[in-house]
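Required output: the full structure, derived from the provided sequences and hints.
Chains A and B, in that order, are what the protein sequence lines are. Numbering-wise (my numbering), the first sequence opens with residue 11 and increments by one. Numbering-wise (my numbering), the second sequence opens with residue 11 and increments by one.
No wet-lab data here; the hints were simulated from the structure. You may find that some hints are simply not true.
To be verified - Listed next, with one range per pair, are the computed distances between beta-carbon atoms: (1) A:Asp63 to B:Gly86: 55 to 61 Å; (2) A:Phe51 to B:Arg82: 46 to 52 Å; (3) A:Lys89 to B:Asn46: 44 to 50 Å; (4) A:Val74 to B:Pro90: 44 to 50 Å; (5) B:Ala27 to A:Arg96: 26 to 32 Å; (6) A:Arg82 to B:Ile106: 29 to 35 Å; (7) B:Arg75 to A:Ala88: 47 to 53 Å; (8) B:Glu72 to A:Arg96: 33 to 39 Å; (9) B:Glu68 to A:Pro90: 39 to 45 Å.
Even glycine gets a Cβ: it sits at the ideal position worked out from N, Cα and C.
Protein chains: 2
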Amino acid sequence: MAQNSIGHGPFSPEFHAASELVGRKWTGAIIYAIFNGKTRFAEIAAVIPGLSDRLLDERLKELVRHGILEKRSSEGEAKPGYHLTRKGLALRGVLIALYAWAINWPETE
Amino acid sequence: MAQNSIGHGPFSPEFHAASELVGRKWTGAIIYAIFNGKTRFAEIAAVIPGLSDRLLDERLKELVRHGILEKRSSEGEAKPGYHLTRKGLALRGVLIALYAWAINWPETE
Chain A
11 MAQNSIGHGP FSPEFHAASE LVGRKWTGAI IYAIFNGKTR FAEIAAVIPG LSDRLLDERL
71 KELVRHGILE KRSSEGEAKP GYHLTRKGLA LRGVLIALYA WAINWPETE
Chain B
11 MAQNSIGHGP FSPEFHAASE LVGRKWTGAI IYAIFNGKTR FAEIAAVIPG LSDRLLDERL
71 KELVRHGILE KRSSEGEAKP GYHLTRKGLA LRGVLIALYA WAINWPETE
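And the structure:
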């Protein structure tokens with residue numbers, strides 16, 4: 011199925027799904043926080059002003075379900091935290107490009 | 011206001027607004043179609059399967075409002091079409107990165 015739809019390029023279900031996932035409110039900020047080494051729920055919540063615990067929990071579960079995050083203990087961690095998978099790490103370039111665009115072209119209103 | 015919040019980086023209102031705008035259903039596909047030289051409403055509709063005229067109209071207006079598209083006649087066009095502004099053209103890198111990620115990391119379910 012994925013193979014067949016690659017031919018549709020940017021109009022493929024894969025592209026729709028990816029842009030909606032990345033565009034969901036708070037998702038970019040959460041991934042950024044984890045890029046910056048915040049792996050625990052409370053740490054992530056602390057660096058994102060305005061994000062409720064309920065929504066953070068929902069977004070984290072969604073990102074785990076989509077294979078972008080995994081909950082595991084890394085070396086030196088007593089309790090499991092959220093870590094980017096290879097699929098999640100690959101999003102770095104997208105978010106950096108989006109962030110640069112947002113800074114260079116702020117909303118004018 | 012924009013100046014003050016740049017310091018918040020990826021947790022800034024600018025980043026939230028940009029990721030939500032780009033992530034809105036169909037928006038990436040519409041911008042891609044216009045990158046590919048489809049400037050008229052009917053041409054854009056024809057290359058995006060499943061997108062209703064009502065939603066296309068809504069998204070085009072939204073993109074004009076955000077300064078990403080402008081409706082004007084270009085050389086050789088009898089009627090005005092939708093064209094990317096400089097702000098819109100600057101999104102190219104973001105969408106290409108997102109598209110590459112979507113193709114490399116398709117959903118597994």
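Cross-check of the supplied hints:
no. : hint                            : verdict
1   : A:Asp63 to B:Gly86: 55 to 61 Å  : 56 Å, holds
2   : A:Phe51 to B:Arg82: 46 to 52 Å  : 49 Å, holds
3   : A:Lys89 to B:Asn46: 44 to 50 Å  : 49 Å, holds
4   : A:Val74 to B:Pro90: 44 to 50 Å  : 46 Å, holds
5   : B:Ala27 to A:Arg96: 26 to 32 Å  : 29 Å, holds
6   : A:Arg82 to B:Ile106: 29 to 35 Å : 32 Å, holds
7   : B:Arg75 to A:Ala88: 47 to 53 Å  : 49 Å, holds
8   : B:Glu72 to A:Arg96: 33 to 39 Å  : 34 Å, holds
9   : B:Glu68 to A:Pro90: 39 to 45 Å  : 43 Å, holds
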